[in-house]
Amino acid sequence: MPVIKSLDDLKRIREEALKKQALKSTSGKTEIIVGMGTVGIAAGARETLKAILDFVDHNNLENIIIRQTGNIGIDSFEPVVQVILPNAEKVTYGRVTPEIAKIIMEEHVVKGNVCTDYIVEG
Amino acid sequence: MRELCLHILDLAANSVIAGADRISISIDENLKDDALTIEIVDNGKGMSPELVKNITDPFVTSRTERKVGLGIPLLKFAAEACEGWLTIKSEIGKGTHVTVRFQHSHIDRMPLGNIPDTLLTLLIGTPQINWVFSVKKNDKEFFFDDTELKKELDGISLTEPEVIRFIRSFIDEGIREVQN
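In the order they appear, the protein sequences are chains A and B.
Okay, so the first sequence: first residue is 1 according to this note's numbering, each after it adds one.
Okay, so the second sequence: first residue is 1001 according to this note's numbering, each after it adds one.
Note that these hints are calculated values from the structure, not bench results.
Some clues are possibly wrong.
[Stated by the list, open to error] Footprint (simulated), chain B over chain A, 3 or more residues, beta carbon under 8 Å:
#1 7-19
#2 32-44
#3 63-70
#4 95-101
[What the hints assert, rightly or not] Covered by chain A, per the in silico footprint, the following chain B stretches (three or more residues, Cβ under 8 Å):
#5 1038-1044
#6 1149-1160
[Claimed, not checked] Here are the simulated EDC-like pairs of lysine to aspartate or glutamate, each with C-alpha atoms no more than 20 Å apart in a straight line:
#7 K1151/B / D9/A
#8 K1136/B / E1162/B
#9 K1136/B / D1034/B
#10 K11/A / D1117/B
#11 K19/A / D1034/B
#12 K19/A / D9/A
#13 K1151/B / D1139/B
#14 K11/A / D57/A
#15 K11/A / E1152/B
#16 K19/A / D1117/B
#17 K1150/B / E106/A
#18 K1151/B / E16/A
#19 K90/A / E31/A
#20 K1150/B / E121/A
All C-beta atoms, glycine included, are put in the ideal place defined by N, C-alpha and C.
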C-alpha cells in the first residue's frame, strides 16, 4: 500500500522541516491570502492559488502561510490576493491572473518590492 | 462556472463560512447507472427550514457584503438541465448536507474539471478544517481523511514546499489510479 510508505516519507519531511526551523532566525512569516468566494472562484482564483503554490514549491520558499478566505468585497477586482510581509501592512492586489501572481511572488514576496501596478486602492 | 469542481470549491467555502470544522466531499461517477453524484457534508451551524427552502432562490443569501447569492441556484439549474437534481438537508446546530446529481452522459453536463487541484486548494488553503475526500469511479475509490496527515506533520505548515509536493503527488496518484 502506498499509504504506509507515504507516512514514512511524512516523518522524514517533518524532521527535515524541524531542523530547518531550528536554524532559522525568528524573522516571522509572510502571509498570502487568496479570496475564494463565488466570484473569486469564477474569476479563476483556483488557478491563481495554484500558481502561488507552484512558485513556493519550485523556489523552495519557506516560512510562508497561504490561506484562502471568502469574498473580500471587491468583486470587480477578483481574483484578489493579499500579501502581508512580516511587520508590514497588508497589500491588496486585484485581477491577479496566474502570470501576475508569479510576478507578485517574485517581486513582493521574495524581493520585498510592492508591485504598484496591480494594487487595488482600498 | 465552467467546471463542477469550481462549484465544489464554492459549496465548500459556504461550509467554511458556516463554521464547520469537518467537511466531507464525495465525487461519485457511476457509469453503470449513468450518474454523477457530488455530496458535501459539513458540521457547520446549519440552516433553518425556511432558509433551506429559499436557498435555491438567487435573491436569498446569508452573506452580508452583498444581497445576492448565486452559487447554489446556478448549480441546481445546471443539474436540472441534465436530468438531475440538487437537494439540501440541514439542521440548525448540526450541519448541512448538499447532494447534486447529474446524468453522467448528458450533453450539457459540465466537465468535472481538475479534481486534484481542487482538493489541494481546499486542503492547503483552509488547514483548520478536517477534510475528508472520496473520489469514486465505478467500483474504485480514492479515500482520504487528512487527520492522520496532520497528526504526522504535528504543527509543520502544509505550505512548506516539501509538504506541498508530498500532498500533491499523493492526491494526483490516488485519483489517477481511480480514473484509469
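Here is how each hint holds up against the structure:
1. With 9 residues having a beta carbon nearer than 8 Å to a beta carbon of chain B, the segment 7-19 of chain A meets the requirement of three or more and the stated coverage holds.
2. Coverage of the segment 32-44 of chain A by chain B holds. Counting CB-CB distances below 8 Å, 6 residues qualify, and the rule asks for three or more.
3. For the segment 63-70 of chain A, the assignment as covered by chain B holds, since 6 residues bring a beta-carbon within under 8 Å of that chain's beta-carbons and 3 suffice.
4. By the rule of at least three residues with a Cβ nearer than 8 Å to a Cβ of chain B, the coverage given for the segment 95-101 of chain A is violated, with 0 such residues.
5. Using a Cβ-Cβ cut-off of 8 Å, 0 residues of the segment 1038-1044 of chain B lie near chain A, which falls short of the minimum of three, so the contact claim is violated.
6. With a threshold of 8 Å between beta carbons, the proposed coverage of the segment 1149-1160 of chain B by chain A holds, since 8 of its residues qualify and at least three are required.
7. The hinted pair formed by K1151/B and D9/A meets the criterion: a straight-line CA distance of about 14 Å does not exceed 20 Å.
8. Of the supplied pair hints, the one linking K1136/B and E1162/B is violated, its CA atoms being roughly 27 Å apart against a limit of 20 Å.
9. This hinted pair checks out: K1136/B and D1034/B have alpha carbons roughly 13 Å apart, not beyond 20 Å.
10. About 24 Å separates the Cα atoms of K11/A and D1117/B, which puts this hinted pair outside 20 Å; it is violated.
11. The hinted pair formed by K19/A and D1034/B fails the criterion: a straight-line CA distance of about 51 Å is larger than 20 Å.
12. With a C-alpha separation of about 16 Å, the suggested pairing of K19/A with D9/A holds against the 20 Å cut-off.
13. A threshold of 20 Å between alpha carbons decides the hint, and for K1151/B with D1139/B the separation of about 30 Å lies outside it, so the pair is violated.
14. Of the pairs offered as hints, the one joining K11/A and D57/A holds, with about 19 Å between alpha carbons and a cut-off of 20 Å not exceeded.
15. About 7 Å separates the Cα atoms of K11/A and E1152/B, which keeps this hinted pair within 20 Å; it holds.
16. The suggested pairing of K19/A with D1117/B is violated, with an alpha-carbon distance near 29 Å, which exceeds 20 Å.
17. Using a Cα cut-off of 20 Å, the hinted pair K1150/B and E106/A is violated, with the two alpha carbons roughly 29 Å apart.
18. For the hint linking K1151/B to E16/A, the alpha-carbon distance of about 16 Å falls within 20 Å, and the restraint holds.
19. With a CA separation close to 9 Å, the supplied pair K90/A and E31/A stays within the 20 Å bound.
20. As the CA atoms of K1150/B and E121/A are separated by approximately 38 Å, the hinted pair breaks the 20 Å bound.
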